[in-house]
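If you want the numbering used here, it's the position in the sequence shown, counting the first as 1, plus 65.
Everything labelled a hint here was simulated from the structure, so no lab data went into it. Take the hints with a grain of salt, since some may be wrong.
[As the list claims (entries may be wrong)] Calculated lysine-lysine pairs in the DSSO-like style (CA-CA distance at most 27 angstroms, straight line):
1. Lys341 <-> Lys294
2. Lys72 <-> Lys161
3. Lys294 <-> Lys259
4. Lys132 <-> Lys72
5. Lys371 <-> Lys259
6. Lys371 <-> Lys177
7. Lys260 <-> Lys294
8. Lys132 <-> Lys260
9. Lys371 <-> Lys409
10. Lys260 <-> Lys177
11. Lys161 <-> Lys132
12. Lys260 <-> Lys341
13. Lys177 <-> Lys72
14. Lys259 <-> Lys177
[Claimed, not checked] The following label-pair restraints were derived from C-beta to C-beta distances:
15. Lys177 <-> Ser200: 48 to 56 angstroms
16. Gly328 <-> Asn269: 31 to 39 angstroms
17. Arg390 <-> Glu160: 52 to 60 angstroms
18. Thr179 <-> Ala148: 24 to 32 angstroms
19. Asn289 <-> Arg100: 53 to 61 angstroms
Model, not experiment: these values are computed from the prediction. Where is the CB? At the ideal position from N, CA and C, for every residue including glycine.
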Amino acid sequence: MRFFVNKDVSGGIHFWLAPDNPRAISRVFVSVDGRRTAELSAWITDDNIRANGWHSTGQCVYMITEKELPELASANRIEIFDADTNILIYRSIREKVFLPAKLISITTTVQKNTFVEQNLFDLFQYSYFNVDRLSEEVVQSIMQGPWLTSSLITGAVIFPRYEVFFQDDHCVSGVLIQDPFEEMAARMRWLQSKKAITDDPAQNWRLGGMLESVRFAAEYDLSNSRNIKRFLRMLPEPCYRFLYNPLCRQFGTRSPSDPFAPGNSIVAMEIISRIKVVGHSDYTSEYYTALLDRLGVAPIAMSHPKPSEDVLSLAALLRSVDAARDMVAFDTVISDAVRHAVGKSWQ
66 MRFFVNKDVS GGIHFWLAPD NPRAISRVFV SVDGRRTAEL SAWITDDNIR ANGWHSTGQC
126 VYMITEKELP ELASANRIEI FDADTNILIY RSIREKVFLP AKLISITTTV QKNTFVEQNL
186 FDLFQYSYFN VDRLSEEVVQ SIMQGPWLTS SLITGAVIFP RYEVFFQDDH CVSGVLIQDP
246 FEEMAARMRW LQSKKAITDD PAQNWRLGGM LESVRFAAEY DLSNSRNIKR FLRMLPEPCY
306 RFLYNPLCRQ FGTRSPSDPF APGNSIVAME IISRIKVVGH SDYTSEYYTA LLDRLGVAPI
366 AMSHPKPSED VLSLAALLRS VDAARDMVAF DTVISDAVRH AVGKSWQ
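Can you make the complete structure from the sequences, with help from the hints?
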């Protein structure tokens, strides 16, 4: 699915939406002041959309006026969503002042921390969470959308693919670097926590390419160094990619399938150095304080979840295992460098 909103057209809401099925006619539903009031199908054709191969007929364009939406001029809040995926296409709130910034908060961990989503959602006109779970076409539409001048984007994206869209002064990129052993432990425990899903045929499709890895991890007791060594020696390929220097993969490659070499760690460090707000998990509160300051937002009272004792105890074991240290050697160099720089700046 691809979409584009033309913010320069007066008298209505003009946009196009090309669905995943190139033969289908896209549908959207319109929400007015929180109530779903209309469902519309595209009725205008654009030959350029067809010529680009995005749709078989090009019938993907909408021009919503008071004829289609009588509440257009009077509604306080209007939102338009794709009917098939529920992805937000358009949002406006009368007389509300939004932050004039495009923020991408890059997720680097499987552990939950929803500070950005919970506290900043209402400050932006558009919000897109966990965009790494969306199709590449949708992510590209979001990342390069010129109408998204006030937008909050979060997710574990491979940032080199999208860095070019966050160069302008009004764009802010932020990342919180994790301790590599704690992150490795969290990922191993995450794999084991999904075992119940693998046993349910109605659910296990949700794991996608990680299904084999989850089944593999479920067979191991990771409470001692011997079992950890065997676990790391027998890793299936998807599990190896999931655990091997994930930070360098995320910032040093352009695709999940790209081969990884030592040079990618240098690329990762260069990319991270260009991100506008960089923090370390040892200084989590300081990172969010700096992010809010960069956005011009008043300080917010904050408390952040810490890794569970289960994760911390496994991380301590991993630090003592040579094979585990080798698995995150490049990430450790970056994490240590960021920790040192951040700690020095907050002294």
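Now the hints, each set against the structure:
1. Lys341 <-> Lys294: Violated - the C-alpha atoms of Lys294 and Lys341 are around 38 angstroms apart, more than 27 angstroms.
2. Lys72 <-> Lys161: holds (17 angstroms)
3. Lys294 <-> Lys259: OK: Lys294 and Lys259 at ~22 angstroms, within 27 angstroms.
4. Lys132 <-> Lys72: Distance ~19 angstroms between Lys132 and Lys72 Cα, so the pair holds.
5. Lys371 <-> Lys259: Holds, at roughly 21 angstroms.
6. Lys371 <-> Lys177: holds (10 angstroms)
7. Lys260 <-> Lys294: Holds, at about 21 angstroms.
8. Lys132 <-> Lys260: violated (52 angstroms)
9. Lys371 <-> Lys409: holds (22 angstroms)
10. Lys260 <-> Lys177: holds (19 angstroms)
11. Lys161 <-> Lys132: Holds, at roughly 25 angstroms.
12. Lys260 <-> Lys341: violated (38 angstroms)
13. Lys177 <-> Lys72: Violated, at about 35 angstroms.
14. Lys259 <-> Lys177: Status holds; Cα separation ~15 angstroms.
15. Lys177 <-> Ser200: 48 to 56 angstroms: violated (24 angstroms)
16. Gly328 <-> Asn269: 31 to 39 angstroms: The hint (31 to 39 angstroms, Cβ to Cβ) holds, given that Gly328 and Asn269 are roughly 37 angstroms apart.
17. Arg390 <-> Glu160: 52 to 60 angstroms: Roughly 56 angstroms apart at Cβ, these two residues keep to the hinted range, so it holds.
18. Thr179 <-> Ala148: 24 to 32 angstroms: Roughly 27 angstroms apart at Cβ, these two residues keep to the hinted range, so it holds.
19. Asn289 <-> Arg100: 53 to 61 angstroms: holds (57 angstroms)
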